[in-house]
Structure formats: C-alpha cells, structure tokens
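Protein chains in written order, with this note's numbering: chain L, 207 to 449; chain C, 207 to 449.
Please keep in mind that the hints were generated in silico from the structure rather than gathered at the bench.
Each hint should be verified, as a subset may be incorrect.
Identical copies go unnamed one by one, so any copy, or any two together, can satisfy a pair.
Pairs of lysine to aspartate or glutamate residues, derived as DMTMM-like cross-links and limited to a Cα-Cα distance of at most 20 Å, are as follows [stated by the list, open to error]:
1) 349 <-> 337
2) 318 <-> 302
3) 394 <-> 299
4) 318 <-> 431
5) 349 <-> 398
6) 376 <-> 416
7) 318 <-> 244
8) 394 <-> 288
9) 349 <-> 431
10) 376 <-> 337
11) 318 <-> 237
12) 376 <-> 302
13) 394 <-> 244
14) 376 <-> 434
15) 318 <-> 331
16) 349 <-> 295
17) 376 <-> 439
18) 394 <-> 237
There are 2 protein chains.
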Amino acid sequence: MINPTAAMLVIGDEILSGRTQDTNTHHLAGELTAHGIDLLEVRVVPDDTGAIIAAVQYLAERHNHLFTSGGIGPTHDDITSDAVAAAFDTPIDVRDDARAVLTAHYATTHTKLNAARLRMARVPDGAILIDNPISAAPGFSLKNVHVMAGVPMIFQAMLASLLPSLSGGKPLLSQTLRLMHAEGVIAKPLGELAAQYPEVSFGSYPFYTDSTFGTNIVSRCTDADMLDTVMTELTNMFPTETT
Amino acid sequence: MINPTAAMLVIGDEILSGRTQDTNTHHLAGELTAHGIDLLEVRVVPDDTGAIIAAVQYLAERHNHLFTSGGIGPTHDDITSDAVAAAFDTPIDVRDDARAVLTAHYATTHTKLNAARLRMARVPDGAILIDNPISAAPGFSLKNVHVMAGVPMIFQAMLASLLPSLSGGKPLLSQTLRLMHAEGVIAKPLGELAAQYPEVSFGSYPFYTDSTFGTNIVSRCTDADMLDTVMTELTNMFPTETT
C-alpha cells in the first residue's frame, strides 16, 4: 500500500516579512507522519488572491490532500476562503450552518456578531465545516483542500478535529542514532548501508554544539522489524558512539 | 524604485517528516526585509533530484534571487549541488578553489580530507563560492541561485557572507500596535484606514493568550514619515488600547 500524499500551503505576508515564524508546518508534518500521510511539499505565499489560487490549484491537483493555514479571520487581509472558492470556481457566501455556529458562540460571550465577524461564516457551497473548539469560527474542507486558521493553537485544534476523518496509511517509523562524529567520517559506510536497504530512508543530519560537530542518523521505514535490523547494524558500525 | 524579489527553497526530508523545524526561512526573511529585498515565495521539497531541479528552475526564473538551504554535506542524501548544476545544465566537479579551502581547513584540524568530504568541493562551473567561516565547506552562487547549508548556524554565517554583495532596495519598515481586542472589533475601521493609505500594507494578526483574544496590527511601508502618520491615526482610533 502506498500512503496518501499531502501538501501544505502557508498563507501570510507576516511569514515572508520575517515577523512571524511559521510553526504550523512543523506541527502538521509530525501529525501526518504519525497518521500515515506523506507530506511531500510545502509552499508559503503572500496575502495575494492570485498567488493563493495558483498554489491551491497546483497542489490540490497533485496530492491527495492540501492543508492551508492563515487568512480566514474577519479583517481585510483575510482572503483565503474566497480564494479557495475561486480556485474551484465554487460560489461562496455566508452559510447558515456557519452563521449558527458563530451566533451560538457570541451569545455565550456577550459579543456582537458584527459584519466583520460575519465574514468568518463565508463558506463555499458544498464544503464541510471543520470544528474550532477554541474560537468557534470554523475552518472547512472543500474537496481535498482543508482550510484552517493561522493562529497555532487554533490550527492545532482544527487539525485534531479533522485528522481522524482522513484515511491514513502505515505510519512512518523512525529511529535516531546520535554520533559525536562529523558527517565526513560516517558518510561512506552509511552510503553503503543505504544501498543495501533500499526500503529504508537514511537521513544524515549534522549538528554543531560546543564547537564540535556531530551527526544524527535517522532511519525511517514503515516496517518495525526492518528498522530494528538496520539500527543494530548501525550501532555495530559505530560501536563506541551510541549515546 | 521597486525592490528586488526573492524566493527560498528549503530542501530536506527531515523538514517534511516533522523531525526538524525549519528556522532558516524565518532568519532569511528578516534579513532580506532589512536589506530591501522582498521575499515573495517559499517552498519546501524532499531530498529528490527531480523535485529540486523543477523548483530551482521555476523560482530562479521568476525572482531576482533564489536562496536554498540544505543538502550540501558529504553524505549520500546531499544532492543539492548536483541538482542545482543540472537545473542550469552546467557541468559540476571537484573544483580546485573549493578543494583548497577544505585542504587548508582540515590541515588545521588534523582531519583527513577523505572521499566523502571531498564531495563538498563539488561546485558548478562558473559559480562563485560563498564563505563558510564555521566549517569551511563553502556554499556557492550559480547565476541568481545562492546555495547554502541547512545547519542554522552555518546558514546564517553564509548569509552574512553573501548578503552585503547583493543590491537591495529600500528596507521595509514596520510598526506594531498591540491591542487587547479581538479582530472582529477592529476589522471595520482598520479596513477603512487600509483603503485610505494604499501605499501602506496593514496586517492584522490575532493572538490568544490567557483565554483572551488580542490583535497585533502591523503597518509596513518604506516611508518612515508615512508610517508615523498612520500609526498616529491607529493610536487615535483605539485610544485606550495602546500598550
């Protein structure tokens, strides 16, 4: 079985200007790996309708799932929902089910559902709402595109609402061997081991700490027994270096 | 004057699997903004030659500069240099100037310049080396593509070596007003102000802390006087909310 594939589209000028560090991609990547969905591509685009439409069309066509973060709030720079609708040529307007969610939420918080907030009930025809347990304003799935908020806590809550409904494959398992050797020392034997086990993906990640180079070797595959086998081989290969 | 534009290409399975949080994009974004280069697009691709070539060709064609991070070390999964050379149909081999840098470095550290390490001297014909003051193995610029390491400390050092040589435009200035109001309250007046000052980019970034919603309003433009003017207007608009 081949795992479903996914892409992530991060939307926001604040990421590209360096104001905000995107952390949603990292969270999504970990969750998808555990769920057996392979994240193969990430893009970051500005708050620009044309750029969003082009990226949505390209990525949704090529992957089983596209996840987006950012741009679904009540302000003038929140243009994601309309852009995603436009990408599929789907009508969008304030929808009764989304409005009901907001009305109920603002009633409990004694807040007015003004025109700006009502924009957050704009949902494309045929989209399925994604529950937002934190601030109510929902995300949505239109075909294979899952539109979620940019605020990390809300993104994470929406993903937790959504992910159980998506079919996953085998979780990708990984084990790491931390070596206090620079990559140059381990490159040759590691390359030979990688050639011997084509089913396993071997990554070599150098680090630099206290003026010393080290390397984390990460082995990844969906078969737990095979992973144990290669980790044993790796440990034998670098016997004194295990930590 | 219009600022030069740039794209970033992050290369590495470890980002897409959720093992590693990419921080190089955030660092680059801040440095480019200060230097007057507009970062307009970011992509993350796996350690896959075809994916790297396609992304390099697309992004280098459309922007004044493309920065890459990751995949230039000595191990089997370090394929960026060869992929970038292939993207421009440029020959690549161990180059004397890069070999000399490595030879000098490893002589001081009493380390053997083995075959694996020598791979880090593979540089495309015509490329200009980027200095690496931390671990010697250089990055390079081939046409408008700047190939740098993935380890954040080395990426940052290489960027510091490179950036002064690139022409920048006017730095994008920004000021932030932090409001303890949810976006829904400020959306309407902020939208009106944004329409009144088309030269200024207004971003609205909700946050959630201690069970309360707030919003940072960020005004960005290259004209310091105009920025002061709109910040005064914003402060008058929300007089009790300044912090």
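- Task: If the cutoff is 20 Å on CA atoms, where do residue 376 and residue 434 land: within, between, both or neither? Let me know, please.
- Result: within (17 Å within a copy, 55 Å between copies)
- Item | Same-copy or cross-copy closeness of residue 318 to residue 244 [CA-CA at most 20 Å] | Answer is neither: 42 Å inside a copy and 39 Å across each miss the 20 Å cutoff.
- Item | Intra/inter-copy verdict for residue 394 and residue 288 if alpha-carbon distance must be at most 20 Å | between (52 Å within a copy, 18 Å between copies)
- Query: Within a copy, between copies, both or neither: where do residue 394 and residue 299 come within 20 Å Cα-Cα?
  - Reply: between (59 Å within a copy, 19 Å between copies)
- When no copy is specified for residue 318 and residue 302, does a C-alpha distance of 20 Å or less occur within a copy, between copies, both, or neither? within (17 Å within a copy, 70 Å between copies)
- Give the relationship of residue 394 and residue 244 under a CA distance limit of 20 Å: within one copy only, between copies only, both, or neither. The answer is neither: 28 Å in one copy and 41 Å across copies each exceed 20 Å.
- Query: Given a CA cutoff of 20 Å, do residue 318 and residue 431 count as a within-copy pair, a between-copy pair, both, or neither?
  - Reply: Neither: 58 Å inside a chain and 36 Å across chains, both beyond 20 Å.
- Task: Indicate which option fits the pair residue 376, residue 302 if close means a Cα-Cα distance not exceeding 20 Å: within, between, both or neither.
- Result: neither (38 Å within a copy, 47 Å between copies)
- Message: Please sort residue 376 with residue 337 into within, between, both or neither, judging by C-alpha distance up to 20 Å.
- Response: neither (26 Å within a copy, 43 Å between copies)
- Query: Taking 20 Å as the upper bound on the Cα-Cα distance, should residue 349 and residue 398 be classified as within, between, both, or neither?
  - Reply: neither (44 Å within a copy, 34 Å between copies)
- Task: Pop the pair residue 376 and residue 416 into one bin, within, between, both or neither, using alpha-carbon distances up to 20 Å.
- Result: neither (38 Å within a copy, 38 Å between copies)
- Message: Cα distance capped at 20 Å. Does residue 349 pair with residue 337 within a copy, between copies, both, or neither?
- Response: This pair counts as within: shortest intra-copy Cα distance 17 Å, inter-copy 47 Å.
Figure legend: structure checked against the earlier numbered hints; hints not met, in rising order: 4, 5, 6, 7, 9, 10, 11, 12, 13, 15, 17 and 18.
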